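Student: Protein sequences appear in the order of chains S and R. Position 73, counted from 1, in the first sequence is what our numbering calls 73; the numbers after and before it change by one each time, with no gaps. If you count the second sequence from 1, you need to add 153 to reach our numbering.
Hints listed in this document are in silico derivations from the structure and should not be mistaken for laboratory results. Source: prediction; values computed, not measured. The beta-carbon is built from N, C-alpha and C at its ideal position, and this holds for glycine as well. You may find that some hints are simply not true.
Claimed, not checked - Not everything, but these chain R residues come out facing chain S in the computed CB check (under 10 Å):
| # | residue |
| --- | --- |
| 1 | L161 |
| 2 | V175 |
| 3 | T185 |
| 4 | V192 |
| 5 | Y204 |
| 6 | G210 |
| 7 | A222 |
To be verified - Once the Cα atoms are required to be at most 20 Å apart in a straight line, the calculated SDA-like pairs of lysine to any residue come out as:
| # | chain 1 | residue 1 | chain 2 | residue 2 |
| --- | --- | --- | --- | --- |
| 8 | R | K190 | S | A63 |
| 9 | R | K190 | S | T105 |
| 10 | R | K190 | S | S41 |
| 11 | R | K190 | S | A36 |
| 12 | R | K190 | S | T48 |
| 13 | R | K229 | R | A216 |
| 14 | R | K195 | S | V132 |
| 15 | R | K195 | S | D137 |
| 16 | R | K190 | S | T52 |
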Amino acid sequence: MNEQRVKSSFSFYLQILILLAVFLSVGVVLVQVFAAARGMSRAARAETDGTTLCRSAAEAFGASGTAEATAALLGGTADGETATCYYDAAIRAAAPDSAWTYRVTVNVSEEETAAGTIAAAHIEAYAADGTVCASLDTETYLPGTKGGTAYAA
Amino acid sequence: MRRKQLRLGSITLLFTVIVLCVATLSALSAATAHADKAVADKYAAQVAAMYEAEEAGQEWLAAVHAAIAAKGAALKQADLPQGTTLSDGTISVELALDNGRTLSIALQQADTAPGYRILRWENTAQWTENTDIGNLWTGGSASQGA
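Okay, chain R solo, but in the shape it has when bound (with noise of 0.2 Å):
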């Protein structure tokens, strides 16, 4: 009776595919959390100075407020807080942060109550468009051969 010989070579080769999929998928899966944790870090952020650009705005309304109240239709522009203009009834103030945040606000004395209408409330970032595109073609014409 002749046995049915078992090749190694054939075993060593299945294993090696093996463990380079296995090592290939969890390769992906570890780049993939790497990237899930990048952009949860940057959301956090993110948040965090649209908050902190809204307290500065809180702080300056209540700061242009107490002016309001105390003045009253005799506001001026020395009684407003740094950086602040006065126009037309107007008050704005462009508060400009150092997490790349800047908040516009503008506000209007009221006419009656010594109060203030909001006429905005911008929260905005600054954006630098990425115009690196590696090596992708950009449509130039590329001379061929006959």
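Just chain S, with the same shape it has in the complex (with noise of 0.2 Å):
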């Protein structure tokens, strides 16, 4: 009777323990699953913040036209014919020594045409771990005094 019950007893943990261990197993592969959906989503957003930004940055540089300019607009720093931004989670302007989420940066370059010049910029979106977020490249056209000064309707 006695030796029955204890067979009956390891039956039923061992029965427990498979069930523990397949419960687990699922376990470690669904919070892979979440982890892998929060990775993508956090991806998705940095992908789309970028975007905008570049963008942001693109209308600026398009109005202006120098990396100074768009520095000045964009409210970021610029050295040389590179326009560098800072931005936080909300995709407002920070500071460079704050804790920032984003940074834009916007290097032009010029070629002379016959009657003006036009300025090329690549602009670059990245994550505060280094990695680069979004791109864009664009042109602005800054017609010369040779060809006279263009307006807008």
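Got two chains here, separate frames each, mind docking them using the hints?
Tutor: Structural data, given as structure tokens:
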């Protein structure tokens, strides 16, 4: 009678152990799925924010045509032909020494044309860990004095 | 003293329900994250295409301005870049890009200085309406039994 009870108890605990093992292995797989989903959501957020910041920088560059003026419009700093701006998680301008989330660089190059200058900008948005979130290339034409001044309608 | 017996069947059932719930939630979160990434990629591609068209437009503008500066009031159709039309002092072009975007620009030569006035700068994308509504009921009359 006692031996039968021991056998029954052993069988019960063995089944519990198997059940827990299965449950834990499924849990590990599901945790990995959750982690992958979180990573993908973060990457999507960074890409969307980075694209928005690049677009904003491209519009500022289109309105100015130089690195200095672009930096002044975006609230950043300019060093030669490169403008650098920092932003927090809410895409608001941040100080370089603060805990910024994104860094946007605008590298400007110029090419003389017959009646003016084509200013080209390569814009890149970086996350705080240094990875590139988004990039954009744009150009703006700056009419020279030789060709007269352009004016909007 | 009688011991209350713990049944393994109920525990298994509880664990299975919990696992099914968590698995459903994980599948939903993965699908949402995937959709978010797809939308982000699409947005980035659209913005890149828009600025690609902008680059083409700025280069065309530089070429046209060079022609205006060189010829002034004697500007002719042949002096302008290919695809550009000149009509009553209005210079226009439709720049169709491979990415499906079209940039429509119209300029007018300035009266005094060898400059120009921008009349139109429209960056548009081709849109194809999705008419497929799957198995959704279209509103047609259905025969009803007596």
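Student: Restraint: R/Y204 near chain S, CB-CB cut 10 Å. Satisfied or not?
Tutor: holds (5 Å)
Student: Check the hint pairing R/K190 with S/T48 against an upper bound of 20 Å on the C-alpha distance.
Tutor: holds (9 Å)
Student: Please check whether R/V175 passes as an interface residue: C-beta within 10 Å of a C-beta belonging to chain S.
Tutor: It holds, given that the least Cβ distance between R/V175 and chain S is near 5 Å, below 10 Å.
Student: Does R/A222 pass the interface check with chain S, least Cβ-Cβ distance below 10 Å?
Tutor: holds (4 Å)
Student: Is the straight-line distance between the alpha-carbon of R/K190 and that of S/A36 20 Å or less?
Tutor: Roughly 12 Å between the alpha carbons, so the hint for R/K190 and S/A36 holds.
Student: Hinted pair, alpha-carbon criterion (20 Å max): R/K229, R/A216. Please report holds or violated.
Tutor: holds (14 Å)
Student: For a C-alpha distance cap of 20 Å, please report whether R/K190 and S/A63 respect it.
Tutor: violated (31 Å)
Student: Given the hinted pair R/K190 and S/S41, is their alpha-carbon gap at most 20 Å?
Tutor: Roughly 7 Å separates the two Cα atoms, so the pair holds.
Student: The hint names R/G210 as touching chain S; please verify it with the least Cβ-Cβ distance against 10 Å.
Tutor: Holds, about 9 Å.
Student: Tell me if the straight-line CA distance from R/K195 to S/D137 falls inside 20 Å.
Tutor: With Cα atoms ~17 Å apart, R/K195 and S/D137 stay inside 20 Å; holds.
Student: Should the interface hint for R/L161 be scored as holding, given a Cβ-Cβ cut-off of 10 Å against chain S?
Tutor: Cβ of R/L161 sits 5 Å from chain S, so the hint holds.
Student: Double-check R/T185 for me: the hint is only fine if its C-beta lies closer than 10 Å to a C-beta in chain S.
Tutor: holds (7 Å)
Violation of the numbered hints given earlier is confined to hints 8 and 9; the remaining hints are satisfied by the structure.
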